[in-house]
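The whole structure should be built from the sequences, with the hints applied where relevant.
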Amino acid sequence: MVAASQWQGDYDQFVGKLRGAIPAGATIQGEPTYWYGLADHPYIANQYFSGDAPYAETVRRLGIEYIIADEYFLDTVLKVQQLVDESEVLDFLAHDADLVAEIRDPQYGQAAWGQSSEYQSSPYESASRTTRIYRVRP
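The opening residue of the sequence shown carries number 2 in this note's numbering; numbering runs sequentially from there.
Just so you know, these hints were derived from the structure itself, not from any lab. A few of these clues could be false.
Simulated restraints on C-beta separations [as the list claims (entries may be wrong)]:
#	residue 1	residue 2	range
1	D86	G21	24 to 32 Å
2	S129	A57	17 to 25 Å
3	R62	S129	28 to 36 Å
4	R62	W36	15 to 23 Å
5	A54	D11	30 to 38 Å
6	A95	G64	18 to 26 Å
7	D99	R62	29 to 37 Å
8	W36	Q82	30 to 38 Å
9	G21	D53	32 to 40 Å
Only a predicted model underlies this, so the values are computations on that prediction, with no experimental measurement involved. Note that CB positions come from ideal geometry on N, CA and C, so glycine has one too.
Given below as structure tokens:
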């Protein structure tokens, strides 16, 4: 549990930045946390990807147009939980998507507390996180 005095996030401001990078009505893949602020978009949670089909095939089949790739997705989902093959995702982002925005925030986008492959994260950390928005190429 994070003490209110330690919370550094501004959800509305963060979602406003996401909205500035993603056109209205675009189909998005991202963390469920962001869906609350983007509920007017078709939205596919990262947890939907279970590795049953190749990542690129699933993205195309679902018509995903924008991918929100934050530390939670790139580290916790891919490296720790291994819900999707990391190499497939990184290859897709490198060859089939264009980076359209990078959003820095002290709270949103971090790996799950205690579920990072790189370090033992803490809800009290104050380092800025980078969330990247990718547009899927047609």
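Quick check: does the Cβ-Cβ distance between S129 and A57 fall within 17 to 25 Å? 30 Å, violated
Consistency of beta-carbon spacing, G64 to A95, with hint 18 to 26 Å: Between A95 and G64, where Cβ atoms are some 21 Å apart, the hint holds.
Consistency of beta-carbon spacing, R62 to D99, with hint 29 to 37 Å: About 20 Å separates the Cβ atoms of D99 and R62, which means 29 to 37 Å is violated.
Pairwise beta carbon distance, R62 to S129, judged against the given window 28 to 36 Å: This hint holds: roughly 35 Å between Cβ atoms.
Taking the CB of D86 and the CB of G21, does the distance hold inside 24 to 32 Å? With a Cβ separation near 31 Å, D86 and G21 satisfy 24 to 32 Å, so the hint holds.
Take a look at whether the Cβ-Cβ distance between W36 and Q82 falls inside 30 to 38 Å. 18 Å, violated
Holds or violated: 30 to 38 Å for the Cβ distance of A54 and D11? 37 Å, holds
Using the C-beta atoms of G21 and D53, is the stated range 32 to 40 Å upheld? 34 Å, holds
Using the Cβ atoms, figure out if R62 sits within 15 to 23 Å of W36. 20 Å, holds
The structure fails to meet hints 2, 7, 8 from the earlier list, while all remaining hints are met.
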